[in-house]
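Position chain B against the provided structure of chain A, taking the given hints into account.
Residue numbers (the numbering used here), protein chains in the order written: chain A, 514 to 836; chain B, 514 to 836.
Calculated from the structure, these hints are not laboratory results.
Quantities reported herein were computed from a predicted structural model and do not represent experimental measurements.
Warning: the hint list may mix true and false statements.
A pair holds if it fits inside one copy or across any two, identical chains being indistinguishable in the list.
Said to hold, decoys possible - Derived DSS-like pairs: lysine-lysine, alpha-carbon spacing no greater than 30 Å straight-line:
(1) Lys747 with Lys554
(2) Lys598 with Lys611
(3) Lys747 with Lys611
(4) Lys768 with Lys747
(5) Lys779 with Lys598
(6) Lys598 with Lys768
(7) Lys649 with Lys821
(8) Lys773 with Lys598
(9) Lys554 with Lys598
(10) Lys554 with Lys821
(11) Lys554 with Lys605
There are 2 protein chains.
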Amino acid sequence: MSTSVTLRQSLIEEGLLSLQLPSSPANLYDPIRYMLSIGGKRMRPVLLLMGAEMFGVGNQQALAPALGIEVFHNFTLLHDDIMDKAPLRRGKATIHEKWSPDIAILSGDTMFVKSCQLMMQVPSSVMPAVMSLFFKTAMEVCEGQQLDMDFQSMPVVSIDQYLNMIRLKTAVLLGGSLGVGALIGNASADDVQHLYDFGVNLGVAFQLQDDILDVYGDAEKFGKQVGGDILANKKTFLLLTALELADGDAEIELKHWLAKDGGDDKVIAVTGIFNRLGILQRAQQKMDDLYREAMQHLDAIPVPQERKSMLRDLAMMLMQREQ
Amino acid sequence: MSTSVTLRQSLIEEGLLSLQLPSSPANLYDPIRYMLSIGGKRMRPVLLLMGAEMFGVGNQQALAPALGIEVFHNFTLLHDDIMDKAPLRRGKATIHEKWSPDIAILSGDTMFVKSCQLMMQVPSSVMPAVMSLFFKTAMEVCEGQQLDMDFQSMPVVSIDQYLNMIRLKTAVLLGGSLGVGALIGNASADDVQHLYDFGVNLGVAFQLQDDILDVYGDAEKFGKQVGGDILANKKTFLLLTALELADGDAEIELKHWLAKDGGDDKVIAVTGIFNRLGILQRAQQKMDDLYREAMQHLDAIPVPQERKSMLRDLAMMLMQREQ
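Chain A with its partners taken away, still in its complex shape (with noise of 0.2 Å):
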């Protein structure tokens, strides 16, 4: 990570655990300082700070919303961890696990309240606009948690449902947090809408690299094990676009490995009909044109090029990640 980015996790992580929860009722906010303390790479947050800095905002000044973002992005990942019945969440026993699902949904609603009060503390003259991108967000966001789990009994989805599934499950929070940067920063509501956009973008080509790596990924660096999403036969962009162009042969084989459990084999026999089928050419083509529509966006904000520059690196960084 550049310095800019590790400086402003620091002001992150700092800033989370000087929130000052109450101690009781301990079964309340216990579960909320562990889930913040578990660390995590606090990249929307860091986008926040990043977008008000581009429009003159000191760091402090955008430090509550920014946590506000963090809290409310924790809270998500808290309430999917039930959903989900994950045992671990970096590496850690999850809320539930750890305390119960009851306890992790309420301490969840806890989080989201507190999330509001973080993110309403900005001059009030930018209030409602940016309460109201806030709350836009947080909605499209429950609405890509349920296409998500819809999906998952749904015997076909297209790569079109699937591009605006992760839209909104993940894309739109990047999109959101330099969203209301830029409105702190009072920008106008075009160089709003185009941050906005840099950040959907972005947000959506850093899912499809999620895709890609764990296929394409080396096992060591990526941190899990690779093939996990072919093992669960998991709806990702890769296997999507194999379903569309897979015919004949491979058809009948994707199919054949589809219907069966597995383990290495499976991993290694659907690798090697996306490999046929020219699957990560396709998934690298995609992430390049969401890569470049993002920059676009970035380029069209009439302010100096070395106030742009922060971003560039980052979204630089990310897209070349190998983990």
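Same frame as chain A, now just chain B:
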């Protein structure tokens, strides 16, 4: 119900019907439509409308935040029902039963976002104060629900702890509804506080009456089984007061029945102990004290008497209810 109440209830019902929630994802929005359609007394939004009206604001101008309070209240009911594993709400299947717990969590989250969007539809001059009070209240409602859950497994709960729990879980939302109404009406800080305190005192009194009606209510009018709290060993104001007052034979007898599962015999025996200890009188005394304090706060607001008559009538009606 008086005409002033039923008129405003109809406004709320119409408002809820015309919220225009999206049709898709159906698994997200259908549960919300269902939850908002199964009725309820709409007491909180009626209080908000009346609070605003006291300071000269017409019902239409306060309708959006009034709907916001009702959507928020229904969000808390939805999540509480998951935690309580309640099969029914107002005689209808609960969302986690009719759909699934995951869908209930997520559509609850979405209702919370929706409530925020409605709540912020107030003049921007009062928005910071309105949102502050709303989020503070929301936080306290979460704390109250957690304390309620904690109390179920605690061997001893004091009467003060109990009163604090019902204040947070139930009463602050009545106070908050009125407070938001007053804020929309540009009331002074003192008047907002008085109307808030009127609501909180009334809310605690209302909950105590619930405890009383469970034991001393007319089964037909009350609409639920009389003695349900006794059968469930629920830590109500009546039981906690009895535990504090009982000694000698009464104490031995009460603890004997608490250790037993039972039916009508348990209800009759415990009610008998309550009668010997004069628990009903103590509960009524506490209720009267709270009601009087509520009225003092209403009296202290310097607006013409006729502007207070709706709330005065409503409070009286709430205190004389038999269900």
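Which earlier hints can't be squared with this structure?
none
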